[in-house]
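Residue numbers (this note's numbering), protein chains in the order written: chain A, 12 to 91; chain B, 12 to 91; chain C, 133 to 282; chain D, 133 to 282.
There's no promise every hint is true.
[Claimed, not checked] BS3-like cross-link-like pairs, simulated, lysine-lysine; straight-line CA separation at most 30 Å:
(1) C/K254 <-> A/K14
(2) A/K14 <-> C/K192
(3) B/K14 <-> D/K254
Simulated from the structure, these hints should not be mistaken for laboratory data. Since we're looking at a predicted model, the values are computed, not measured.
Chain by chain, the residues:
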Amino acid sequence: MAKVLLFGRLADVAGWRERELVLPPSLTSLRDRLAGEDPALGAALSGPGVQAAVDQVLTRGDAALAGVSEVAFLPPMSGG
Amino acid sequence: MAKVLLFGRLADVAGWRERELVLPPSLTSLRDRLAGEDPALGAALSGPGVQAAVDQVLTRGDAALAGVSEVAFLPPMSGG
Amino acid sequence: MITLSSDAIDPGALLNGFCAGRAATGAVASFTGLVRDEGGEARALELEAYAGFAETAISKAADAAAARFDLQDVLIVHRLGRVEVGEAVVFVACAAAHRRAALEACDHLMDYLKSRAPFWKKSHGPGGARWIEPTDTDLADARRWDQETT
Amino acid sequence: MITLSSDAIDPGALLNGFCAGRAATGAVASFTGLVRDEGGEARALELEAYAGFAETAISKAADAAAARFDLQDVLIVHRLGRVEVGEAVVFVACAAAHRRAALEACDHLMDYLKSRAPFWKKSHGPGGARWIEPTDTDLADARRWDQETT
Chain A
12 MAKVLLFGRL ADVAGWRERE LVLPPSLTSL RDRLAGEDPA LGAALSGPGV
62 QAAVDQVLTR GDAALAGVSE VAFLPPMSGG
Chain B
12 MAKVLLFGRL ADVAGWRERE LVLPPSLTSL RDRLAGEDPA LGAALSGPGV
62 QAAVDQVLTR GDAALAGVSE VAFLPPMSGG
Chain C
133 MITLSSDAID PGALLNGFCA GRAATGAVAS FTGLVRDEGG EARALELEAY
183 AGFAETAISK AADAAAARFD LQDVLIVHRL GRVEVGEAVV FVACAAAHRR
233 AALEACDHLM DYLKSRAPFW KKSHGPGGAR WIEPTDTDLA DARRWDQETT
Chain D
133 MITLSSDAID PGALLNGFCA GRAATGAVAS FTGLVRDEGG EARALELEAY
183 AGFAETAISK AADAAAARFD LQDVLIVHRL GRVEVGEAVV FVACAAAHRR
233 AALEACDHLM DYLKSRAPFW KKSHGPGGAR WIEPTDTDLA DARRWDQETT
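Hey, can you work out the whole structure from these sequences and the hints?
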């Protein structure tokens with residue numbers, strides 16, 4: 012089992028912020044699975060500027076998820 | 012009578028910070044008179060970056076001193 | 133030092149603590165970000181961070197800024213949760229031997245926090261709530277520092 | 133507001149006073165200049181101003197900066213007399229709607245104070261006292277802002 016985290020408006024769209032899941036083998040397949048369950052979340056995840064962090068490392072494109080314990084989806088960041 | 016003010020190292024060189032004088036007609040003649048009384052002050056007054064303020068207005072070159080109540084000689088400024 | 137907390141920020145206490153006991157420091161620059169009322173459109177901000185990841189990411193950015201600007205010390209305090217109009221949402225202080233480095237480092241770190249640190253913020257106003265994303269200016273501001281290193 | 137005084141500067145109290153009650157302000161930048169020990173070469177600075185003229189000149193510079201950077205408020209507090217190592221010799225704060233303006237205005241005003249405001253300073257150390265004149269960098273820093281207005 013691993014944690015999947017949603018932040019900002021992604022959490023508002025999905026109605027959850029954190030779930031325990033058995034991860035599929037890749038980030039792309041995780042996105043596809045989340046989109047299949049919730050098309051609105053799927054659209055939000057493929058929106059402009061949404062990044063993924065795999066075990067707290069920002070990841071471009073696809074990534075293998077074997078042995079990974081935390082995947083987070085991050086909409087455009089804005090602090091301060 | 013008018014006030015003549017010296018600041019920073021000019022006051023150290025001259026040994027005074029403020030004097031009451033009957034002003035000569037021009038800034039140049041005032042510089043000449045101060046230099047005549049105290050050649051070390053004269054040299055300091057003609058050093059690099061020394062400015063004059065006539066009635067608290069910075070003045071380039073010569074200036075008439077009729078009616079003036081305060082002349083200050085300012086070495087290079089540095090605050091902060 | 134990096135602190136993320138839902139406690140109120142006291143910029144003055146932070147500044148005095150940061151300035152204390154510095155015989156070799158000539159310059160302390162600080163930046164305090166306050167919540168604006170946006171002409172009545174905003175009542176509060178709500179700040180969310182990616183806990184754990186945020187502290188690590190901001191520490192790396194602070195260390196990089198310290199090396200780049202030759203800083204003697206950096207302090208970053210960022211508020212989480214609901215922050216009312218007029219309250220401080222962020223406080224950054226940089227200490228250096230000379231003033232330009234301290235001021236530029238504050239500028240750089242604020243640009244980083246505005247568009248590259250894992251925070252998300254919602255503005256609550258009379259018309260409801262909305263997520264605030266970095267503006268084009270924020271993104272361009274952050275890119276300035278990328279260009280300067282190449 | 134401009135204050136020249138031989139009283140100790142409390143940067144934190146000044147910053148909190150400056151930040152208080154600002155619903156329209158998003159950004160407060162501050163600069164605190166501290167007296168350095170210069171590796172043991174300095175024990176204190178002694179600051180002299182042209183009283184009357186200094187307040188007028190600094191007020192004009194602050195008003196010009198407020199117009200140029202679209203500031204909501206400016207505070208400048210400058211110490212006079214003897215200032216020991218580790219104490220603040222100057223505090224500048226600028227409030228603006230946005231951060232870049234506030235930071236640039238602090239930078240600009242410090243450049244002004246360093247080489248164009250009627251202050252003179254003497255450094256007292258174990259080897260005696262010497263007058264400090266603006267460095268070439270100080271003079272070049274101040275000229276940057278002249279060029280940008282032409």
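Of the hints stated earlier, which fail here? Failing hints: none at all.
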